[in-house]
Structure formats: structure tokens, C-alpha cells
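Enquirer: Since the structure of chain A is provided, determine the placement of chain B on it from the hints.
Number of protein chains: 2
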Amino acid sequence: MKKFINDPNDLTKELLLGMTKAYPSKVKLVEEKLVCRAVEKVESKVAIVSLGGTGHEPAVQGFVGEGMMDVCAAGDIWAAPGPPTLLSALKQVNRDAGILLVTLNHAGDVMSANMAKQMAEAEGIKVEEILTTEEVRPTEDEEGRGLGGCFFIYKICGAAAEQGKSLEEVSALAKKLNENMATIAVLSELATHPSTGGVCGELGENQMEICAGQHGEGGGVVMDMASSKETIKILADKLVEKLSLKSGDDIICIVNGSGKTTLMEQYIAFNDASEYFAGKGINIVGGHANEVLTVQEAGGYQLMVLKADAEIKALWEAPCDTPGYTVK
Amino acid sequence: MKKFINDPNDLTKELLLGMTKAYPSKVKLVEEKLVCRAVEKVESKVAIVSLGGTGHEPAVQGFVGEGMMDVCAAGDIWAAPGPPTLLSALKQVNRDAGILLVTLNHAGDVMSANMAKQMAEAEGIKVEEILTTEEVRPTEDEEGRGLGGCFFIYKICGAAAEQGKSLEEVSALAKKLNENMATIAVLSELATHPSTGGVCGELGENQMEICAGQHGEGGGVVMDMASSKETIKILADKLVEKLSLKSGDDIICIVNGSGKTTLMEQYIAFNDASEYFAGKGINIVGGHANEVLTVQEAGGYQLMVLKADAEIKALWEAPCDTPGYTVK
Chain A
0 MKKFINDPND LTKELLLGMT KAYPSKVKLV EEKLVCRAVE KVESKVAIVS
50 LGGTGHEPAV QGFVGEGMMD VCAAGDIWAA PGPPTLLSAL KQVNRDAGIL
100 LVTLNHAGDV MSANMAKQMA EAEGIKVEEI LTTEEVRPTE DEEGRGLGGC
150 FFIYKICGAA AEQGKSLEEV SALAKKLNEN MATIAVLSEL ATHPSTGGVC
200 GELGENQMEI CAGQHGEGGG VVMDMASSKE TIKILADKLV EKLSLKSGDD
250 IICIVNGSGK TTLMEQYIAF NDASEYFAGK GINIVGGHAN EVLTVQEAGG
300 YQLMVLKADA EIKALWEAPC DTPGYTVK
Chain B
0 MKKFINDPND LTKELLLGMT KAYPSKVKLV EEKLVCRAVE KVESKVAIVS
50 LGGTGHEPAV QGFVGEGMMD VCAAGDIWAA PGPPTLLSAL KQVNRDAGIL
100 LVTLNHAGDV MSANMAKQMA EAEGIKVEEI LTTEEVRPTE DEEGRGLGGC
150 FFIYKICGAA AEQGKSLEEV SALAKKLNEN MATIAVLSEL ATHPSTGGVC
200 GELGENQMEI CAGQHGEGGG VVMDMASSKE TIKILADKLV EKLSLKSGDD
250 IICIVNGSGK TTLMEQYIAF NDASEYFAGK GINIVGGHAN EVLTVQEAGG
300 YQLMVLKADA EIKALWEAPC DTPGYTVK
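Chains A and B are the protein sequences, given in the same order. Each residue of the first sequence is one higher than the one before, starting from 0 at the first, in numbering that gives the first Met the number 0. Each residue of the second sequence is one higher than the one before, starting from 0 at the first, in numbering that gives the first Met the number 0.
The set of hints was computed from the structure by calculation and includes no laboratory data. Please read these numbers as outputs of a predicted model, since none were measured by experiment. Just to be clear, a hint being listed does not mean it is correct.
One copy or two, it doesn't matter: identical chains are merged, so the pair holds either way.
Quick list of in silico lysine-lysine cross-link-like pairs, DSSO-like style, CA-CA up to 27 Å [unchecked claim]:
#1 K27 / K306
#2 K27 / K279
#3 K164 / K44
#4 K12 / K125
#5 K27 / K327
#6 K1 / K237
#7 K228 / K245
#8 K90 / K125
#9 K228 / K27
#10 K245 / K327
#11 K306 / K241
#12 K44 / K237
#13 K12 / K279
#14 K12 / K90
#15 K232 / K12
#16 K12 / K228
#17 K228 / K1
#18 K232 / K1
#19 K232 / K327
#20 K279 / K327
#21 K44 / K12
#22 K312 / K27
#23 K241 / K228
#24 K164 / K312
#25 K327 / K40
#26 K174 / K12
#27 K232 / K27
#28 K40 / K175
#29 K237 / K174
Only chain A is shown next, with the shape it has when bound in the complex (with noise of 0.2 Å):
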């Protein structure tokens, strides 16, 4: 483990001190591990709250600003921030227009995050929760965890939020997109904990993984590496089927790094796919390639897609303005 970092247990900390130092004009911290918008959104206005553990940088703190996420509640590296750092975030940005909660569905965050909700609610905050289930797994019967796909949530459900849509609007617009949009990962190198220096999992030396999670949690099938064009076929298949998708939709497409694949990989990779999609008469009206939720140096990328109508398309493109992604 070669890395630019001083003592191992501050990690957190000093990643997100540098990163609203770097960018203050969009978020500021409000406690050790709560990021929140530098400018508040007014209170009329429904507020989206999420949580992660840190290591994802972006993600998922990175996407707390106007336009996004109002306050994001960060754990250790690879780890949930506990029950009280939630509920301060959902005390922070507590209104009568609602919260909408967003947690990605892995088992820290959504035991933290039923804990915090019931605290919260018990205190009077109005809170719905989406749980996104977004991930292809390699059999039906496996459930779903929350990939990338939270980034379609901030940045679709904020901008409504943003129009001020209601909760009840707000909370319907995320269940729909939870359920027309889908990420399948693909790891060819494995990420070191930062702290601790521990791998999970192993890949050999021309091997990679299809469907393998976040953090090479095991479990997806390890094939021989495959040309950029072929990979993308493989992935791209899976999305089709789990969203059924044909001829004539529109989906926004995103490759997502997961840190040691180049830009220069992820944009090939997303030509690849536009010719895939192309192919079957799919039209990608939206799109994205760069680091969104990254493992450390892990090596592969996730394929998200959203299938998306004139609405989500409209709020797509709205104006947002975070760390990691900002629209003009």
C-alpha cells in the first residue's frame, strides 16, 4: 500500500475537511462527519439526506450541494456512519415540506438508517425512505445492493426537490427510478482498505469479475479479461434484460470507474456501449463518463442505466452544482 495519507485513523476526517476547503462555495462541514450544502435550501422546499461510508470519492459526500443532496451523513472507510450521525443530518435539514432519505442497500446503511429513521420520526421529522436495489447479481433470487445508481436518485430527485415537488412527488419519483434503473460492476483489480491495508477478495492475473459488487465483495463469476467491446456486451446484455429494455426507449447512460480505470478506458468503454445500445435502436438522451463511486484503486467500472422519460430526462439536465458532478 503506497498512498499520500497521514495517520490511518483520520482518514475520514481529512478527506472531508480537503474537500470542502477545495470546493466552499458548495459545501461546508457542519460536524466532523456531516457535509452540508454551504448555502441552505430554503425550507419550503422537501431536503434529500444520505449516508455512506467514506473511500468512494466522490461518493456519496461528494454530491451534497444545490441541485443534489442537502446533507450527507459519512461513515469510516468502507464503513456506515452510525444511527447518531443520521439522525443529526435528518435533525439538520428537519422542515415541514419532508425529507427524503436515500440508502443504498447494504446491510450497516440500512441498519443505521431504520435506527435513525424511527428516532427521527419519534421526534416528529418527516422522513420516507428509498432503498436503492439497483445491482444486477449474477442469479434472479439474489437481492439487489445499491451501486452507483444512488447518483441518479441525488441528482433527479434534487432537482425536483429543487422545482418544489411535494414529498409525496418527491418519494414516487425515486421509487420509479429505483425501478427503472440498473448497475452491473465489472473488477479486474482489487482495492486495498486504506486504513487497515487488507484486500478483499482475489482476481488473477487475467481475470475479472462480473457482477462483483462494490468492494470485491466475492460472489459475481470471474472470466478471462475481455476486449472493451466484448465486456461492454456482456454487462450491457444483463441491463437489457433486468429492464426489458427494446427498440426505441431512451436511457441515460453512465460508465462509472472504480478508480484505477483510466478516463481514457471509461470513454472507450462508453463508445463501445453507445454502439451497443445504438444496435438494438436504444437512444441514450443523457450521459456520463468519470469516477461517480469509486473503491480506492479498485480496477473496473460499473455500467448504470436509467430508462427515462420526458420527465426524468428534463431533470437530468437541470442545473446542479456539487464536488463531484455539476451541471450548468
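Expert: Chain B only, in chain A's frame:
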């Protein structure tokens, strides 16, 4: 070399296709290796043109778009484009208002730029050139190369051009920026050339190289890995010295990840840089921590500083909209 690519000879072509397909509202390809703004700038305003090898994504082609560059000539991986491609770029935006040509000081780029500029001028095209030389070298008698500092030129001269400043003014501003900026690179892992599989140079298990340049050409100072804080002190001391920074000065500071180094580490480095400069009474009035100019999966980063006055600060904050950088 474990990469998601297709034919190694098609990397540049495919990555440019992918980038322009991901962001069709920002950029388009007019020739295989010419990236242009999707919506051209009006002819009454100065155009900004640059050139550079690919394999450094998002640089340099990713900074084409509203408020930054108008057209960029791309070379193969880590290779300058030939004079004909750059001449095409200059012809593409030929206008009475004139063109600012931004050339990074690397032998191949300089040669192509000189020849293309001569040919363009022979055809009556009005071009002023800025050669970026902001790199801090190990000893003062070595000429600085052009590293990530080109980003400052694209952003700030791009904003000035957008505001209708004349070629004389934009060109004078570019000179002022080059004199007031400095970049220093630290390298911890070497990159692999994605077409040939070749690695430039070597570094020991626990070593890093200061003043390493872009690709690991060698010539820097090799030392043991240090903490983030210690590394920042080594780097920032040299920037302060080069720019004669003193208490009360305002700077824009960028931590520009080289590829493998995580955004987590870049944020931590930004935090350490903030503390370092605060300790000297130097104010960071603008910041960014992300990959600006990468070298495949090289480890390390470039620390970039620009001494800023009110004019520079205002232009830095002006809107822009490119695949690699957006200001709302």
C-alpha cells in the same frame, strides 16, 4: 497491463468518440482527431486552441467547451499531433479577432506548434502563442516543461475571450498567468503505455520522485515515501520559492491526481496544502482537487498554484461547460 480496450492502435480514435458521445451538448468531433465546441463561439471573440497527446484524460481535449477551449488537436497516446492536424484546428476557428494557441513545453508539441503556426500565418491566420513552462525542476538551470498549468490558461483566458477581450489582452493575460503559476509533480507509481505496454523509468517499493515531470521521464529527486503532510511541505516550499509567495498573497490551488492516486488522497493533500498555506498567511481564493491531467494509472499528483489578483479570481469563477470541468 490489464486494461479494458479494443485494438491498441485505435485508442485515441475510440476515446475521442466516447467523450464526444458522452457529452454531445458540449463537444463534437469535426475530424478524427479534432475536438470542437458543440456550439461554436461567435466569430467576434478570440478563439482558444491547443494541442496535445491523448492518454492524459481529461486533459487536454476534455477542456474544449463553452468558456474554455474552442478546438483541440489530439495526438496519439502521449504523442503530439502532427502540424497538419493543428493547422486544421487553426483553420477551423480562423477569425479576424484572432486565435490564442496554447502549447505545453514538450519537444513534440513545440515542434508541431511552430510549424503549424508558420503555415497558418502564411495563409493569413492571426495567431498568438503562449508556451507554458510552469514546471518546477530540480535545479534552476533546467527549463520548465508544461504540466497541468495549461488548465489555468484554458480556464482563465477562455473566460476572458468569452467576455470579448481582444487578442492582445488575452495574450497578455496568458503571459501573466504563465509567469504567476507553478506546478510540481510527485510520482509514486509508474504508468504503462497502453498501446505498447512500455513503462517509463523505475521506482523502488517505498520510493517517490519529486519534480518527476509528467510521464516519469526521470530527472527528479527520488526519496522515501513520506506522509501526505510532509510531501505537501516538500512540494509547496518549492512553489512558494518559485513564485516568491508571501503573507497576504492570494492563490488558486489545485491538487491534480495523476491516475492511481485516489480522490480521497487528493482531498487529504488539499487539506494539508490549505493548512500549509494558512500557516504562511497565504489565502486560497479558489481550489480544485481532482484529476486534471493524468498519465494513465501513474501514482502521485501535481500540486499547482496560481498567484491571483482580482481579475484572475473573477475569470476563474466565470462559468464554463466542458467534459472535464464545469462551473455553474
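Enquirer: Check the structure against each numbered hint from earlier and tell me which ones fail, lowest number first.
Expert: Of the numbered hints, 4, 10, 12, 19, 20, 21, 26 do not hold.
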